[in-house]
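Take the two lone chains, each set in its own frame, and fit them into one complex as the hints suggest.
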Amino acid sequence: MVNLKLKFGILSLLLLLFFNLKSFGQFSNIVPLPTSIAATATADDRQWTSFNTPTGLAYMDHPQIGLQYDNRFGLSQLATKSFQLAVPTQLVNVGASMTYFGYSLYHEMAFGATMARNFGDKFAIGIQANYINTYFSNTNAHLGAFFIQVGVNTKLTPKFSIAIHAFNPTQFNIKTEYSEKIIPTLFSMGTSYNISPQCTWRTQLDKEVHSPYRLATGLDYLPIKELVIKIGAYGSDYFVPCFGVNVHVTQLTMHLNTELHPLLGLNSSIGLKYDFQN
Amino acid sequence: MIVIIFSFSTLKAQKNENEIQQFIADVIEQYTAESSETIDLTTFYDNLMYCAQHPINLNQATKSDLEKLSFLSDTQIENILAYLYLNGRLNTIYELRLIEGLDMTDIRRMLGFVTLDDKVPFVKALKLDKLIKYGKNELLLSGWQGVETKQGYTHLATSPYQGDPMSNALRYRFTSGNRLLAGYTASKDAGEQFWGTMNKGFDYNSAYAQLNDIGKIQKVIVGDFQASFGQGLVLHPSFSIGKSSYVLNVSPRSVGFTKHSSTAESNYFRGVASTAKIGIMEMSAFYSNRYIDADTTDGRFSSIYKTGYHRTWSEMSKKETVNQQVVGGNVTFNFSKLQIGGTAVYTLLNRELRPDQAVYNYFYFSGTAQATVGLHYRALWHKISAFGETAITDRAAMATINGMSFSPTSTVSLVVLNRYYAPEYDSFYATAFSQSSKVNDESGTYLGVEVLPLAKWKVRAYADCYRFQWPKFVVSSPSNGADFLFQTDFMPDKTTSMYWRLKYETAMRNYTSLSSTLPTVLPYKRLSLRYNLNSSYNFLTFKTVLECNLVRIDHQPVTYGATAYQDISIVLPQPRLTINLRVQAFDAINYNNRVYAYEHDILYAFSIPMFYGIGTRCFLNVKYQLSKQLSLWMKIAQTCYADGRTSMGSGNETVMGNRDTDVKVMMKWAF
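Respectively, the protein sequence lines represent chains P and D.
The numbering of the first sequence is this note's numbering, which starts it at 1 and goes up by one.
The numbering of the second sequence is this note's numbering, which starts it at 279 and goes up by one.
Simulated from the structure, these hints should not be mistaken for laboratory data.
Check the hints yourself; a few may be wrong.
What the hints assert, rightly or not - When the alpha-carbon atoms are kept at most 30 angstroms apart in a straight line, the in silico BS3-like pairs for lysine-lysine are as follows:
1) P:Lys175 x D:Lys942
2) P:Lys159 x D:Lys736
3) D:Lys497 x D:Lys555
4) D:Lys906 x D:Lys946
5) D:Lys734 x D:Lys661
6) P:Lys122 x D:Lys734
7) P:Lys159 x D:Lys734
8) D:Lys341 x D:Lys772
9) D:Lys946 x D:Lys346
10) D:Lys615 x D:Lys494
11) D:Lys494 x D:Lys411
12) D:Lys716 x D:Lys346
13) P:Lys122 x D:Lys736
14) P:Lys122 x D:Lys772
15) D:Lys341 x D:Lys405
16) P:Lys159 x D:Lys772
17) D:Lys906 x D:Lys411
18) P:Lys81 x P:Lys175
19) D:Lys555 x D:Lys414
Unchecked claim - The following label-pair restraints were derived from C-beta to C-beta distances:
20) P:Leu222 x D:Leu898: 40 to 48 angstroms
21) D:Leu898 x P:Thr157: 30 to 38 angstroms
22) D:Leu732 x P:Pro262: 40 to 48 angstroms
23) D:Leu732 x P:Ser76: 57 to 65 angstroms
24) D:Leu800 x P:Leu67: 56 to 64 angstroms
25) P:Trp201 x D:Ile914: 34 to 42 angstroms
Stated by the list, open to error - Quick look at which bits of chain P chain D covers, simulated, 3 or more residues with Cβ under 8 angstroms:
26) 121–130
27) 155–167
28) 178–189
29) 201–212
Ideal Cβ positions, reconstructed from N, Cα and C, are used throughout, including at glycine.
Bound conformation, chain D alone (with noise of 0.2 angstroms):
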């Protein structure tokens, strides 16, 4: 403690790297904020890490160069680039004070990702040998258990797990500039076998190899990769930028092909996708034959199994038993001001996906083939900017998104969006601007608005309101809903900054009681308040985050949920050590009221936990840097409970007693 407490000497160069850490991770974090979901934001971190490691120059930066910093809308790169236009180079990073729709927290985000550096080494054409020979080689392997023993690994259970607590991963990667990128992923989840009647060694393996600018062809990806192109209506990966305090950015970046370098075991294809810029055309195209996981009866399976969980033989029987071929392919012309193209993704299934029979899902896809098309554009005219998709399936089942930004004055932006979502369009591979998780039976319109009234001030806001015609699985009638959020920013100084945020939402839900026999669709309101305040001192950081909630369903009591923490990150220089401490109570009544906290983890793993009872959790996350080769992570989490219960989880997953912790270790070899 007193080393922690008393080192004082120059930092700066870790400093860096760990603001650009703990940049990404408050990205991370407002983007997910309130999540319900798994997500997986591997991809995302790499980009955003990309570029930290290779900042933009700003005075050489195209459009798409900006667009892959994902926190900027798309009006603020607009006003850049037009800046840049009107008034040539920028010589001092502090001009970008003078570009309209930029605010310092802005630009305090950017300065870890560009530069005015002409310096910046432009990767020149090389051969093969030579890339391979000046790579950079990177290994990783990580391992995690839960201390306390569940009951999938005792007697106790009945269909027990037959593998080992501990999940492992082990990451290789090549990279050789932006020119040649190559890796290859192996996991085991606990409980899954590693050795024996059940697995020969890791329970998930995943490569690539990608080769960018090679003449007119962009990129070529061999192995496992993603897609994203347009408004995500056709493809999209999992992740999506969707209602965040980030309210400008609606719409989606549409990267193109992607690896998949994760540990995520769905939502990506293996096969092979190349893109060609041929002048103003991109034309981009791929096949993809894998088998996926499904609960297969009499040659049919009823949904996707996407867990990735291999642990019991039931669940082993779910193993890669569906072969899905996959073609599809994009064109985009790029003029100045317009950006249009077109999208399409044929899927064949070896079995029939028939969903099991609910009102719900009446309309979801079933068969064996399906077909999507897809038209996107962008258009710029004045301070406008346009941007939309629409889809349709080969059962005629259509899906439209479209959206307008615009900055009346340097100091407001706002932007609309409408969606419309047939009950009968189900695309396997779409992920767009939703209020549900699948893109599906939704319409709805969207408004947000950001204003800088003073400086050092920003207030954001967005509402949106929605319909669903069709009943959804937590909602047993056609449905309606509306989001509010209210945000305001204070940046006193360049060390502290602070928001306040409200959160409004009233939806419908089912809900049983004992007098009644089917569920009652009741109204659900829930109103959320979080205050955070951030604060740096030399190699200290602080962060406080005080959030509650108020829930009512109905005309039934009002419940509420709370929860409050304190992060100190310690960014010390000799020896090179980070860490992060963080003590946490929470107070949720019950599920409803739960609350969500984005947590720092090691390299690779996104931690956003849920509570919901009476407990506290604390937990220590340290990165210790031996050498520029060598570098350890190890994180210890412990949630304990203090309302009374006695166990913890459901089934195997089930702990006796009222702690819970985890222990992870990782080791980062690069050379």
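One chain only, chain P, in its complex shape (with noise of 0.2 angstroms):
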């Protein structure tokens, strides 16, 4: 009995986030959260989170692989566990990216391929080709799209960036033949400005086509080389304080976000990247 209550308090809170995109800003659960505080990732050249705006991975020197894992509301059913790989060439910055969101009765998987490249540290252009796999029950079949993001980063002065990203701007959708699954489209503008070398402030503006916008800001602090912090705030619906630190060991990084969402409570994600170079 109390096995079928969890079920059915998940499944709830799974109707609550597919069908009511709004109580979650802009973000699907297949996207892992991004290293970036507060989801400012679209303008941030100094780390790449897979599913997130491709332009992270041109500013990549080294080969890099990571492993995240991000929790929502302390329910392990509701976890997104996701890899990448980053080999950046001397033509251009190649990633490969896989994550998986959900529990034994519903699951989702997507894949991504990723290609980007730094043009003189003037602008960045990235592109990502998605496939996203997912099961549905009422067909007990399992069915996918493919889909693109894209995204470009400006460096106006060597302080400040201007960057957008585009989630899945064609929207194509799973379809069935009673039910669509929308994948969500997404449009980021974001703004990065290095206020000093241990200081740097993001902004960004989201747009979910079937969602509010999102106004999110964060900042990144250096207090030693072996340390972030990172505070941020977003609202959409509600507003969100987001906290979150790096911690840098030789070639290895552990990186911590957490985000208080006032109705629903505690997010969180954990990750570890390792770099192949020093």
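Here it is, written out as structure tokens:
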């Protein structure tokens, strides 16, 4: 009986997640939470999180491998697990990634292949091709769809940049005979300003076509070389404060992000990234 | 994609051509920003492309040569000529920096259209057979079609389209320098029949032949042509420079007769036109005789049908039902600092034009014959340039427009313009500076200013206040309004430029509610903001645009509209490929919040789609030059709405679903 109640609770929460995107601002659960605080990844040129803007990959100098675990509201069934690999080359940086959301009764998987290039530190362009696969219980079948995401980051000055990211701009969805699963279509515009070598301030405006606008801001502060303290907030239907840290130990980086949703509680994300060169 | 990203080799020649194409697109976008009218830009495009292919030698340039560069203001042209007069030849193009009123943005724009090379071939007088022998031929074939089926092609239509859903056009052009030009244009719109009971061949056919510089005769055109004189109160084609971010360019260039080579099926004459120059006097005369479209009943018609669509039997019944004969001319005297001239035009219709009875068109022209005459002038005194035109119809209705531009310092330029168009003034071919699309019943004053406060910065602004003393189509009472624009341009380096534009508009509009039977006229206010960033790197050009607007009608809640788009243009030298890609999102609550965005398109197609609702648009435009002789274009564009709509359009144009997809292809063969 307890198990049934738990499943009912999870299903209710899933319904809330899927059919009321407003409650979650702009993001689909299959998309890993970005390492950038308050999800201000669009203009972030220091870190790349797959399925977020692909331009982040353009600025990478070393091969990198990363794992991430996003936990929503303390429920393992609502967790997203992701893996990413970045390989910079002379001509273009390439990346591969995979993400998984859900549990045995409901799950989604997505795969991404990314290409990005930094053009003389003047601007960067990235494109990611994705395939999403979802299990539909009413047809007892797995169905999938391809979609793309594109990002552009322009450095107007060495300290200030402006970036745009389009996620699934062609509005491709997964259609079944009885229903349609909407893959979010998200447009983001972000800015990044390096106040000093130790401090970066980012802002971002997101619009998912079915959801209200989301305005976010975040500040990264490096008190010492090994530590980044991240503070931010975003507002859509609710005001959500965010806090996080990055810890660098030789070639290993651990990042932790948290955000407090006033209605649904705490979201957290933890990730590990390993650089193959110092 | 890999090929696209990694090609690095010399691409200068192709880049130049594409930069010019990009620039022409920018100019067109500036002029047509927030335009709600479908305008024919073919002539405008042709003129600029001609200048790009035959650059103006600045050291030999005359005023009329520089006037072909429509983005230069009168003051800038005068400053260039004054500099050349005082300092002699330009030795390097960088000397343009020394000319007052020209900033880097202006100079960059000019570069594609001017030269200092004296070796630019001067076309000597040749015999006709030589002109034909050494001429160049160009054949363009294009076709485009919507992917989704419209209701007009299904059994659901009450008055179905008789033709297939593909539009196609054929253009042939012959040019021999600038001496002999000839062409033939034919087109069929989507839904029009190509071969059958309704049509035998193309629905629209147009041809012209133009010969220039035959002794004292400057130009002779036989076939289809357009005419433009003075400020446009008597004669001017449909596309006119009005209010735009080129705040100083309010006065149209009097270009005289030009060939009509576009697929636009209205706003042209068919007959013969000629211009002769005798000393300081230029004389132009023309005669046109053609049939125009109108819905005739009992030997009368209420309006001219200008869409050019003949897709259904109902539309076909309007085709070429009224004969229109036009005779007119212009005499202009050109002194060193003064130009003065007069234009007259007389129109005779074989059926009576009698507009439907409505308050707003009470003063519109009715009858079978109309005569209009006008006097225009342009004068230069020190740094002040004055211009204007006054016209009167045979019913004693007057229209006058007068302006002045001057530059008190090298960094400040101003223009002031006043116009008065009587309610009774309704001339067939008038297109002058005005708020409304018709030159009729309007008085107002415009002030524009351009300041170069710092290197790399430019500030421009205009204010325009106007009044209509008689009701308009969407305003059921006398009304007034005002427009304001403020734009700041910044060019941090040679490859990056950006601008911020703020536009505020206040006007009166009809508003209908359930509680009132008659429309109420209420104040309408609209504020729009736009940020535009252009940057380029080698073969890549990026353009980012963010735009939003707020609209308030009386005391109702404010509504908003927003759009953002990213353009990526790629120019590859090998293969000779040009790719334009856009992703765009828009979110405009209702029609008042609509947004416009100019799009790259196939050659001679100018797309400025309008959006409202919530959705996205993406397009891919590709040009592939197979050889010097053969070029191919292809465009695929899709708009996808995300606001829950299950159909789009109305009547025969209804499309089920939320996606609207267009595919266009074109081939150009030069031989």
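Now for the hints, and whether the structure bears them out:
Restraint check for Lys175 of chain P and Lys942 of chain D: the C-alpha separation of about 28 angstroms stays at or below 30 angstroms, so the hint holds. Between Lys159 of chain P and Lys736 of chain D the alpha-carbon distance is near 23 angstroms, which keeps this suggested pair within the 30 angstroms criterion. Proximity of Lys497 of chain D to Lys555 of chain D is assessed by CA-CA distance (about 10 angstroms); at most 30 angstroms being required, the pair is judged to hold. A threshold of 30 angstroms between alpha carbons decides the hint, and for Lys906 of chain D with Lys946 of chain D the separation of about 10 angstroms falls inside it, so the pair holds.
With a C-alpha separation of about 24 angstroms, the suggested pair Lys734 of chain D and Lys661 of chain D falls inside the 30 angstroms cut-off, and the hint holds. For the hint pairing Lys122 of chain P with Lys734 of chain D, the CA-to-CA distance comes to about 19 angstroms; that is within 30 angstroms, so the pair holds. Among the hinted pairs, Lys159 of chain P with Lys734 of chain D is consistent with the structure: their alpha-carbon atoms are about 19 angstroms apart, no more than 30 angstroms. The straight-line distance between the Cα atoms of Lys341 of chain D and Lys772 of chain D is roughly 29 angstroms, inside the 30 angstroms bound, and the hint therefore holds.
Annotation: proposed proximity of Lys946 of chain D to Lys346 of chain D holds, straight-line Cα distance about 26 angstroms (limit 30 angstroms). Distance restraint check for Lys615 of chain D and Lys494 of chain D: the Cα-Cα separation of roughly 23 angstroms lies within the 30 angstroms cut-off, and the hinted pair is therefore satisfied. As the CA atoms of Lys494 of chain D and Lys411 of chain D are separated by approximately 24 angstroms, the hinted pair is consistent with the 30 angstroms bound. The straight-line distance between the Cα atoms of Lys716 of chain D and Lys346 of chain D is roughly 25 angstroms, inside the 30 angstroms bound, and the hint therefore holds.
Simply put, Lys122 of chain P and Lys736 of chain D have alpha-carbon atoms about 23 angstroms apart, close enough for the 30 angstroms limit, and the pair holds. Our distance criterion of 30 angstroms between C-alpha atoms is met by Lys122 of chain P and Lys772 of chain D, whose separation comes to about 12 angstroms. Proposed proximity of Lys341 of chain D and Lys405 of chain D is supported: the alpha carbons are some 28 angstroms apart, at most 30 angstroms. Of the pairs offered as hints, the one joining Lys159 of chain P and Lys772 of chain D holds, with about 19 angstroms between alpha carbons and a cut-off of 30 angstroms not exceeded.
Proposed proximity of Lys906 of chain D and Lys411 of chain D is supported: the alpha carbons are some 19 angstroms apart, at most 30 angstroms. For the hint pairing Lys81 of chain P with Lys175 of chain P, the CA-to-CA distance comes to about 25 angstroms; that is within 30 angstroms, so the pair holds. At roughly 28 angstroms between alpha-carbon atoms, Lys555 of chain D and Lys414 of chain D fall within 30 angstroms of each other, so this suggested pair holds. Checked against the given bound of 40 to 48 angstroms, the beta carbons of Leu222 of chain P and Leu898 of chain D, roughly 42 angstroms apart, stay inside it.
In this structure the supplied range 30 to 38 angstroms holds for Leu898 of chain D paired with Thr157 of chain P, their Cβ-Cβ distance being about 32 angstroms. Against the hinted window of 40 to 48 angstroms, the Cβ-Cβ separation of Leu732 of chain D and Pro262 of chain P comes to about 47 angstroms, which satisfies the hint. Taken as a hint, the range 57 to 65 angstroms holds for the pair Leu732 of chain D and Ser76 of chain P, whose Cβ atoms sit roughly 59 angstroms apart. Roughly 60 angstroms separates the CB atoms of Leu800 of chain D and Leu67 of chain P, a value that falls within the hinted 56 to 64 angstroms.
Range check, Trp201 of chain P to Ile914 of chain D: Cβ separation about 40 angstroms, and the 34 to 42 angstroms hint holds. Only residues whose beta carbon comes within less than 8 angstroms of a beta carbon in chain D count, and the region 121–130 of chain P has 4; three or more means the coverage holds. Closer than 8 angstroms: that is the beta-carbon criterion, and the region 155–167 of chain P has 5 residues meeting it against chain D, so the requirement of 3 holds. Note: the region 178–189 of chain P has 3 residues with beta-carbon separation from chain D under 8 angstroms; the three-residue rule is met and the coverage holds.
For a cut-off of 8 angstroms, the count of residues in the region 201–212 of chain P with a CB near a CB of chain D stands at 3, and the three-residue condition holds.
Of the hints listed earlier, there is not a single one the structure fails to meet.
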